[in-house]
Amino acid sequence: MTGEKLTLQIIDDLNDMDGNSDILSTIGYDSIIQHLNNGRKNCKEFEDFLKERASIEEKYGKDLLNLSRKKPCGQSEINTLKRALEVFKQQVDNVAQCHIQLAQTLREEARKMEEFREKQKQQRKKTEIIMDAVHKQRSLQFKKTMDAKKNYEQKCRDKDEAEQAVHRSANQVNVKQQEKLFVKLATSKTAAEDSDKAYLLQVNTLERVREEWQSEHIRACEVFEAQECERINFFRNALWLHMNRLSQQCVTSDEDLRGPLPAPRSLPDDPDYSLVDNYSLLYQ
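Numbering (the UniProt record's numbering), first residue to last: 1 to 284.
Note that these hints are calculated values from the structure, not bench results. Bear in mind the structure is a predicted one, so any value in this text is a computation, not a measurement. Treat the hints with caution; some may be incorrect.
[Said to hold, decoys possible] Each computed SDA-like pair below joins lysine to any residue, with the alpha-carbon atoms no more than 20 Å apart:
| no. | residue 1 | residue 2 |
| --- | --- | --- |
| 1 | K125 | R219 |
| 2 | K51 | Q101 |
| 3 | K144 | A191 |
| 4 | K89 | Y60 |
| 5 | K136 | K89 |
| 6 | K150 | E207 |
| 7 | K136 | I32 |
| 8 | K89 | E207 |
| 9 | K143 | D196 |
| 10 | K143 | L24 |
| 11 | K44 | I32 |
| 12 | K44 | R117 |
| 13 | K59 | T105 |
| 14 | K126 | T187 |
| 15 | K184 | S215 |
| 16 | K125 | S215 |
| 17 | K121 | E47 |
| 18 | K70 | A54 |
| 19 | K176 | A192 |
| 20 | K121 | I33 |
| 21 | K62 | Q97 |
| 22 | K112 | D48 |
| 23 | K126 | F224 |
| 24 | K59 | F49 |
[Unchecked claim] Ranges between beta-carbon positions, derived for each pair:
| no. | residue 1 | residue 2 | range |
| --- | --- | --- | --- |
| 25 | I232 | K59 | 30 to 40 Å |
| 26 | K70 | I129 | 54 to 64 Å |
| 27 | H167 | K197 | 24 to 34 Å |
The C-beta atom is built at its ideal place from N, Cα and C for all residues, glycine as well.
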């Protein structure tokens, strides 16, 4: 399409527009931003979940630690049962330490997620500033073009009225009055031509601004697409790592609870019953 045809097409489009033109629409861009905001919100929710889980794990670990170290549990027992209780309390202590360590790990995961969100926020900010600027420029140029259009239409009406006035006064004898009408007609024609040139200039400028906006929009979409792919991969890996650590926590706790407890003995050989047997002999 040649420049002249393109300009005429734009003028036709402008003639069909009212005050709310699609040329100012940002629906597509707004949808992209909303999707990115939702993604950022999801990362923040996962981050908060990790922090809250860390607090729960830490509290549980400390409570277990206090329980194993401060709460008496069969402290007057002797022989193998005493050793079994000592192993049991040590296992509880180990599990407590494991939960406290997990809390620290979860906080580290949350910190990495927070840093990632902040990094993407700063990257997005640069692109959004550029897009806000081109949106404002586009809106401002559209307003200038519509103002030029209204001015052009008004000047055309003024010219038409001047021509009609000259035709109506064709049979009048008043020469001075006719001269005034001719001067007014010439002036209105010049004003109409000037407004036409100004209108075309604004139309061409609007098209240039629109092309610049389109180019920036494409670049912004490419940046946002790369960011979203990065976010999905980071989030997915963070979740995978988190679940693996929870699984490892279960394995570690299970191993701690399967420690070497003294196995129960049969009655004849069990030293735990020797004292009972001795008491029995005393009363025979």
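Structure-based check of all given hints:
1. K125 / R219: Given that 20 Å is the threshold and the Cα spacing comes to 14 Å, the pair holds.
2. K51 / Q101: holds, 14 Å
3. K144 / A191: Holds, at roughly 18 Å.
4. K89 / Y60: holds, 16 Å
5. K136 / K89: violated, 69 Å
6. K150 / E207: holds, 18 Å
7. K136 / I32: holds, 18 Å
8. K89 / E207: violated, 79 Å
9. K143 / D196: Answer holds: K143 to D196 is near 16 Å, not above 20 Å.
10. K143 / L24: Holds, at roughly 10 Å.
11. K44 / I32: holds, 19 Å
12. K44 / R117: holds, 8 Å
13. K59 / T105: Holds - the C-alpha atoms of T105 and K59 are around 14 Å apart, at most 20 Å.
14. K126 / T187: Distance of about 50 Å is beyond 20 Å: violated.
15. K184 / S215: violated, 46 Å
16. K125 / S215: holds, 18 Å
17. K121 / E47: holds, 15 Å
18. K70 / A54: Distance ~24 Å between K70 and A54 Cα, so the pair is violated.
19. K176 / A192: At roughly 24 Å apart (the allowed maximum being 20 Å), A192 and K176 break the hint.
20. K121 / I33: OK: K121 and I33 at ~12 Å, within 20 Å.
21. K62 / Q97: Distance ~8 Å between K62 and Q97 Cα, so the pair holds.
22. K112 / D48: Since the Cα atoms of K112 and D48 sit roughly 12 Å apart, the hinted pair holds (cutoff 20 Å).
23. K126 / F224: OK: K126 and F224 at ~11 Å, within 20 Å.
24. K59 / F49: Satisfied, since the Cα-Cα distance of roughly 15 Å is no more than 20 Å.
25. I232 / K59: 30 to 40 Å: With a Cβ separation near 33 Å, I232 and K59 satisfy 30 to 40 Å, so the hint holds.
26. K70 / I129: 54 to 64 Å: holds, 58 Å
27. H167 / K197: 24 to 34 Å: Cβ of H167 to Cβ of K197: about 27 Å, so the range 24 to 34 Å holds.
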